[in-house]
Amino acid sequence: MSLSVCRHCGGAIPESLAGEFCCRGCEGAFRLLQGLGLEQYYLRRSVDPKARPLRPDEDALQIHDFSAHVTVDDTGEASLHLMVEGLHCGACIWLIESLLNKQPGVTWARVNMTTRRLVLRWRQDAARPGDILAPVLAVGYRLVPYDPERLGAETQRQEKELLRALAVAGFAASNVMLLSVSVWAGHFSYMGPHTRGLMHWVSALVALPAVAWCIRPFARSAVSALRAGRTNMDVPISIGVTLACLMSLWETIHGGEYAYFDSAITLLFFLLIGRYLDSRARGRARSTVEHLLALDAVAVTVLDEDGSQRLMPPHKVAAGAKVLVAAGERIGVDGTIVGGASDVDTSLITGESVPVAVAVGAQVFAGTINLSAPLRLVVAAVGERTLLAEIVRMMEVAEQGRARYVALADRVSRWYAPVVHLAALLTFSGWTLFGDAPWQMALLYAVAVLIITCPCALALAVPVVQVIASGRLLRQGILVKSATALERFADADTVVFDKTGTLTLGKPQLVASGDWAESDLVLAASLARASRHPLARALVKAAPASQLADDVAEIPGMGLEIAARGIRLGSRTFIGIADDGAAQGPEMWLSRPGAAPLRFAFTDAPRPDAAQLVADLKAMGLAVELLSGDRAVTAGQVAADLGITEWRAGCTPGEKCARLAELAGMGRKVLMIGDGLNDAPALAAAHVSMSPSSAVDISQTVADVVFQGERLEPVTETLHVARKSRLLVRQNFILALGYNIFTVPLAVAGFVTPLIAAIAMSTSSLVVIGNALRLSRGRR
Amino acid sequence: MLIPVALGLGFAGLLAFLWALKSGQFDDLDGAAHRILFDDDEPPKREV
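Top line first, the protein sequences correspond to chains A and B.
Going left to right, the first sequence walks through residues 0 to 779 as numbering that gives the first Met the number 0 numbers them.
Going left to right, the second sequence walks through residues 0 to 47 as numbering that gives the first Met the number 0 numbers them.
The set of hints was computed from the structure by calculation and includes no laboratory data.
Some clues are possibly wrong.
A few chain A residues that don't get close to chain B, going by computed Cβ distances all over 10 Å [unchecked claim]: (1) GLY89; (2) GLY575; (3) LEU745.
Rough simulated footprint, nothing fancy, chain A against chain B, three-plus residues with beta-carbon under 8 Å [unchecked claim]: (4) 7 to 14; (5) 20 to 28.
Cut-off 30 Å, straight-line C-alpha distance, at most; resulting in silico cross-link-like pairs (BS3-like, lysine-lysine) [as the list claims (entries may be wrong)]: (6) A:LYS480 / A:LYS321; (7) B:LYS21 / A:LYS480; (8) A:LYS506 / A:LYS480; (9) A:LYS480 / A:LYS723; (10) A:LYS101 / A:LYS159; (11) A:LYS159 / B:LYS21.
Note that beta-carbon positions come from the ideal geometry of N, C-alpha and C, so glycine has one too.
Given these sequences and hints, build the entire structure.
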């Protein structure tokens, strides 16, 4: 391999090419930037090895028709929202904005680096969107239009509301606290009842509107929980805060000594911080997943009656329409072939690692990849028993089962809320019946019990740990999508893997030893260069020095041929050898005049750390299982290589679900890891699930956790973090409850003043937060 | 009395924050951190 790197994308330059660039696209992009005076970009950027290299797609311009997503306002200004892939650092924002601002007619171009989205506005009569965006595509970024209304608008609205409430609570809490400090000081030195009354009134004036505004997120969730006949942590919070305010108001009106306005608003402030951080951490993970999905969405080429071609998003294509699928393209719809013959890579649907030959009349499914020749399809009826519909149905059934899982915090609050309210009731009746206190006094003590037990630390115990855990995972490219995912992860005692694409890379590799010589390999690779078939690609990869031979013809479903020289590369039948069923895994044959046919064998290699992972999981005390849709020979081989004793091959999606149900029936908590469409129902049915980011979109949507990268190490890392978080959450609960055990007797006895309440509450919250912070340290 | 002054200043700060939130200044915290590093001498908008 050459040591020099491409001046544009930073990738290695293939040995066969002289010069400073790895491909023509990169060279063009470099010249373009140079011509515009933007070559400073190369000095400013820092390449992020995890992001997609900045290499232009040759057919980038044809992939998307932007005009469908343009909106025009009254003043003739058009706008377009796009997602950007390939952002490495701040210099990329600068480059994109500079490129766009140089285009005629552009009035506004801004890239949001957090969400990786671009907003573009221009005068509609001045330019077409495709022309404006052409230079950005030519430099190598990928742009996908999206509908801002549909994507993430809801979560963003909620997040803003939380932030606004947080600001109000912060303002009110700091001011009320200032006033309260002087009141507390007044208890020890001289402060007249009138001054104290004034302080209380000012506090009430600030705190009451603020509380009324800030309690809404909690009250809403509490009300919806009560309506459903459950309780959650928000119920005692809402009741405690409301009662504290009402009692303080009553005290203030009657010139009483103690008011709890500061406790009420500070409590809300702390809780809002937790809520906001939590929603931000998960919102980020979710938006990254949405981003990955949108980039994967393919446009479908629809053939009209008059023979013209149009690009359309798959969900807009009507049943019965004719669709053209080019070689190398992912098939976007389910349909029947009416023209052409090709090989189809079905690994994402069936788990089968060898492509299937298809011809006219065969059914193909969305998510498969057309490999060797263009195909014409008639789109199958929507909502019929298509494979996709079937799988989605199974998934929905499976997901209903999982919705029954109750978060640990809610399980705690299920008994916590009644106990607290009972304690308050007992305090009230105890003081009135046996304590000979007037009923106002008894009520005051009862409310003090509610305030002191208001689960501030308890409500922070889970979200703080969650935020820190998901933040730590996010930095390693592991996206935690569901709120209870980490809790369920920690429960897992069995790991079930899919094979193709999960334990293995999903791409075949040439077996290095065979009865062929190096020169045979180079000859075979020179033919293989003409094809997109994964086996041919693997041959080329094994012989990078080979050059494409002249006059190679591809015979779809069979192989490659140089007719003039009589050289053939392809399947057994193509070479003319009888299929005796002895084929061990994928293979290709090379035949030449005057020589015996040679066999090239391939395997789907396991991911580099798959064996290590299986060993680690076993060491952690988890049972490991393999459920594959592939043939028994291949699946058994992989299982043996990785040391997995429990494996099943040839599983349909239904059988995978059935096996998971069987395991669940045995009381096992299953972690399912898979990527294909055939795994989606199993992912939804499992106790907790994980997908690589190379998975099909449905799998990524149902999986609780999505991880990026080629390695499988994120599995152990997530398990490790999940178990650590569970430990910390439990410790936090013990700390929070321990604090209650100390303070509740004080409150019942009527010794709690606002000062004691404030101190007890903030110290317990700080202790809980401090304990959670330990998670961010101590990476293995 | 200092109390109204203190409250007034705090309230002004709160309003300023709410305004900033509404006008989208908190939408892209990562981008803003990087943007400051690039100084362009040419004006950001140029008619060609």
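List of violated hint numbers, smallest to largest: Structure breaks hints 1, 6, 10.
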